[in-house]
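Novice: For reference, the chains in residue letters:
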Amino acid sequence: MQRTQEMTSVQPDWENFYPRPVSDKIPFFSRDGRVYDCLFAQQFSRDLLTLLFRTADALRDVTQKKDGADHVGSLLSDKRAMLYFVQPSTRTFMSFLNACHILGVRTSEIRDTSTSSEVKGETPEDTVRTFSSYVDMIIMRHPTPGFVEKTAWLMNRTGRPVPILSGGSGKDQHPTQALLDVYTLHRSFNGDIDDKHIVMVGDLKRGRTVRSLSYLMKNYKKIKLSFVSPAEFRMEADILEFLKRHNIPFQETEDFKGVMKTADAIYMTRIQDEHDKAGESKSVDYSPFYFRKENLRDIKDTCVIMHPLPRRHEIEVSVDDDPRAVFWRQERNGMWARAALMAYIFGVDGKIR
Amino acid sequence: MQRTQEMTSVQPDWENFYPRPVSDKIPFFSRDGRVYDCLFAQQFSRDLLTLLFRTADALRDVTQKKDGADHVGSLLSDKRAMLYFVQPSTRTFMSFLNACHILGVRTSEIRDTSTSSEVKGETPEDTVRTFSSYVDMIIMRHPTPGFVEKTAWLMNRTGRPVPILSGGSGKDQHPTQALLDVYTLHRSFNGDIDDKHIVMVGDLKRGRTVRSLSYLMKNYKKIKLSFVSPAEFRMEADILEFLKRHNIPFQETEDFKGVMKTADAIYMTRIQDEHDKAGESKSVDYSPFYFRKENLRDIKDTCVIMHPLPRRHEIEVSVDDDPRAVFWRQERNGMWARAALMAYIFGVDGKIR
Amino acid sequence: MQRTQEMTSVQPDWENFYPRPVSDKIPFFSRDGRVYDCLFAQQFSRDLLTLLFRTADALRDVTQKKDGADHVGSLLSDKRAMLYFVQPSTRTFMSFLNACHILGVRTSEIRDTSTSSEVKGETPEDTVRTFSSYVDMIIMRHPTPGFVEKTAWLMNRTGRPVPILSGGSGKDQHPTQALLDVYTLHRSFNGDIDDKHIVMVGDLKRGRTVRSLSYLMKNYKKIKLSFVSPAEFRMEADILEFLKRHNIPFQETEDFKGVMKTADAIYMTRIQDEHDKAGESKSVDYSPFYFRKENLRDIKDTCVIMHPLPRRHEIEVSVDDDPRAVFWRQERNGMWARAALMAYIFGVDGKIR
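Those protein sequence lines, which keep their order, are chains A, B and C.
With the numbering used here, the residue at position 99 of the first sequence is 102, and numbering never jumps.
With the numbering used here, the residue at position 151 of the second sequence is 154, and numbering never jumps.
With the numbering used here, the residue at position 226 of the third sequence is 229, and numbering never jumps.
These are computed hints drawn from the structure, not numbers from a lab.
Any given hint could be a false lead.
If chains are identical, the list can't say which one is meant, so a pair holds when it fits in one copy or spans any two.
Said to hold, decoys possible - Once the Cα atoms are required to be at most 20 Å apart in a straight line, the calculated SDA-like pairs of lysine to any residue come out as:
| no. | residue 1 | residue 2 |
| --- | --- | --- |
| 1 | Lys227 | Ile242 |
| 2 | Lys354 | Asp70 |
| 3 | Lys69 | Phe349 |
| 4 | Lys280 | Gly124 |
| 5 | Lys174 | Phe150 |
| 6 | Lys153 | Arg23 |
| 7 | Lys296 | Gly162 |
| 8 | Lys69 | Tyr347 |
| 9 | Lys247 | Glu319 |
| 10 | Lys68 | Lys354 |
| 11 | Lys153 | Val320 |
| 12 | Lys280 | Ile29 |
| 13 | Lys69 | Asp139 |
| 14 | Lys68 | Ser80 |
| 15 | Lys69 | Gly107 |
| 16 | Lys354 | Asp73 |
Values in this document were obtained by computation on a predicted structure and should not be read as measured data.
Please work from the sequences and hints to get the whole structure.
Specialist: Encoded structure:
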């Protein structure tokens, strides 16, 4: 796996590199035209998504039987991964961990930084480089914006880089969540995501999943988006401009029931009050943005209800039994999609499909 | 693995289900006449115990050599387990974890709930359902009475249940501890548990191990029980009534030395002061319920001394060297018994024996 | 693996055993003339070091290809290890863990003692014996001087001992760090460590790595040592006397730049202020004991710069890019050296070389 000399020499230091547009940075995190570090939702082209979905579907299929599971479990048996999760996370952590296990990757983990050498005054950069000494891949979640990207950037300048996979970085990027969301649409619509009406509901201002999903919609044709949120938590201007630039029609509304009827997918989100600066969430009435059992009568037979989870009250538990409630399947899709991504990065995906 | 439609429809909600007698509930946690979720000591019939003990013995034997260990380690190489231990536990956790590894099961773990999504306001039920998305079995320890059972109950109502194994639930149930205790009797008595005098000593009121063990004694013939405890910590009335109902003779006494002489097994326990409401343990003189080195002269040559561990002072350390002190072996038996149970639940036990 | 009856009976109790000279104690931690428990740097003879380095080199080589990695990963697939790290440690923990994974050893871990049964009042000795019930090897790091040794001593008196590998004990012993340091010299000097000038720099009084490395220098010929430190943190007298006894010439100096020119290896260390009694580190000017980018011009082309890591400011980050800066390789060498040690202890090293 080689990068051109030119690429390395063009990137002199982090302060100049970081502010560049994502599209400019993608080549630095690629090898031989393939994604090497997974940092941005924008790295997923339609072709790559299609390939990953085929791999994920094959993984589910092949692992149904024990000999298939054992075959898949031998593909990366020579690899070791480190999961470095500074932020609390159940789902993303477990999903990546079990995705590793499906492929036979051996895992080690740091979830509580108080057990690490950071107490001895080491820089975060040295800590991550240390992890890379022992493993073949690092899966990271970090609250500091840009930290995961900087790690990948630093690694690529050493003589022994390893792929860095983001499990969530700051408030902005969570690329594998976007991957699993689109994979869920793919499965729900029998592979045909074009020409759909997708409704995103809730705290759109601070939810990174709805942001990434919006980015990825440019890969599909004739998508219509509806953003349903309280006035306080409307989708940010940068996403709306991105959609305009790519000619993706959207509307903003507070009338959930009105747009529900024509939805092909309803993407529910919880209020992100951990990002409150002064308890502002408390003054917002979030209940008009709940999906209730009675709403099952209002939506199309083919409409799917998604949620990145964890949920609070925004979807009633009794909704779970309806076949259109796909959020539990969505969660499980995350494991398969991440396993497909890792197989691709290490170039063994062809042995699965 | 199918349950009858009737069973599912008969169980309308948790509030009605939970208070029923255990014997009524067992079918709900079974599949095709086999234990599916392991929640109650009462699920172990004599036949099942005999089968599990044969499997556990075979496991020890086969894994002595590397090719045997590798064979056993391939039986469940396609399975993934989650260990979710909300309560501190060294022994049960390590024992289950290594039992998984013996069978080749891949493991993930949550031991510190502060690292999980519970901080984001998710319900415990949703958290557990999330775990089940990624794995084929959940091993749980939880302080809330009924929580493990409720998890299994909920799982069985989803489209994708996984077996739930209790590693201790509330103050009452710890079925695999009972399993390993009886397995230790089985090995100590060369397979013949009938017609024995078993002495249980200590804080019988609050120790769940002696409770479960008492339940399981109904599987054997001509058992005599002696309960030796301070007046404050006598065995609870429900167990005594159970014994009467099953015609198992017992006596209650404070005279440890008196009953020691005829004991075939002495089951020591520590004082359970973590269940104190107002420091009541401090006012009890526990020292008459210690087993001291000098007592080794008082007991039969064939008598075994057991303890669920951890111990404090109730067995002197110098006793450990006596061949009749089997509590360290008892601890190790736990790993083999749990491995046998998991092999049984996944139907691969026939490949071991 | 048998020890002579004599050896066991000669060691009556811990209080008499512990204060003996290390050389007297080594046989107790050996089996059939081989190291069984790894506790002291003094256990590594020149022959053993040479053997371990050959194994480590072979491991790196063989695992380059997947079939080689799978072969190595099958050698100890029937073994289970417990990593019990009471003290914070990233590097040593991860290094040992991944060394286990390279050899196929299954691992379990306790890093946070609050999750263990110690809260129930169990003695540390019982806790460790419990771990040994479930596994074939224990890798331990503990802040209490002598605790790891005592564990090994106790284990060897039970009917079912398992090897104990020290990952650092108290302020004194960290044998596998010494192993990896000498391995790094071995690789840096193409296998020829004799006749070299080795400069150790920094807080020599309280750094256990420089102490162990000094001990191991007696295995090599015509070594010259320079100790460069602030007056407050000079190398302790016991090491200086050891060197005199073995006729290893050394000098003590504060003139880093003066000795740098003739160094074959410069071993940098950080200030160990976690051992401060009353903030004494703050009054010391440590900056004369930094290695700066400009110093790269002062040293020989063949000189290597080592550091046990983590570092603070004592090596400038811009030094990392120089090929003589081998501390990141040194770190990685630790994983291979530890894997070689474990392969040796379980007698499978012959299948690697």
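Novice: Hints first: check each against the structure and report whether it holds.
Specialist: Each hint tested on the structure:
Proximity of lysine 227 and isoleucine 242 under a CA criterion of 20 Å is satisfied intra-copy only: 14 Å inside one chain copy versus 66 Å between copies. With identical chains, the CA atoms of lysine 354 and aspartate 70 are at most 20 Å apart both within one copy (14 Å) and between copies (16 Å). Within a single copy, lysine 69 and phenylalanine 349 get their C-alpha atoms only as close as 23 Å, which misses the 20 Å cut-off; across copies the closest is 12 Å, which meets it. For the homomeric pair lysine 280 and glycine 124, the shortest alpha-carbon distance between copies (18 Å) is at most 20 Å, but the shortest distance inside one copy (30 Å) is not.
For the homomeric pair lysine 174 and phenylalanine 150, the shortest alpha-carbon distance inside one copy (12 Å) is at most 20 Å, but the shortest distance between copies (34 Å) is not. When the C-alpha separation of lysine 153 and arginine 23 is checked against a cutoff of 20 Å, the pair qualifies only within one copy, where the shortest distance is 13 Å, while the shortest distance between copies is 52 Å. Only between protomers do lysine 296 and glycine 162 lie at most 20 Å apart by alpha-carbon distance; the minimum there is 19 Å, versus 56 Å within a single protomer. In this assembly of identical chains, the alpha carbons of lysine 69 and tyrosine 347 lie at most 20 Å apart only when taken from different copies (17 Å versus 22 Å within one copy).
Taking CA atoms no more than 20 Å apart as the test, lysine 247 paired with glutamate 319 passes in neither setting, with 34 Å inside one copy and 48 Å between copies. Taking the closest pair of Cα atoms, lysine 68 and lysine 354 come within 20 Å of each other both inside a single copy (16 Å) and across two copies (17 Å). Taking the closest pair of Cα atoms, lysine 153 and valine 320 come within 20 Å of each other only across two copies (15 Å); inside a single copy the shortest separation is 40 Å, beyond that limit. Taking CA atoms no more than 20 Å apart as the test, lysine 280 paired with isoleucine 29 passes in neither setting, with 33 Å inside one copy and 51 Å between copies.
Only between protomers do lysine 69 and aspartate 139 lie at most 20 Å apart by alpha-carbon distance; the minimum there is 13 Å, versus 27 Å within a single protomer. In this assembly of identical chains, the alpha carbons of lysine 68 and serine 80 lie at most 20 Å apart whether taken from the same copy (19 Å) or from different copies (12 Å). Taking identical chains as interchangeable, the C-alpha atoms of lysine 69 and glycine 107 lie at most 20 Å apart whether they share a chain (14 Å) or sit on different chains (13 Å). Within a single copy, lysine 354 and aspartate 73 get their C-alpha atoms as close as 13 Å, and across copies as close as 17 Å, so both meet the 20 Å cut-off.
Checked against the numbered hints listed earlier, the structure breaks hints 9, 12; every other hint is satisfied.
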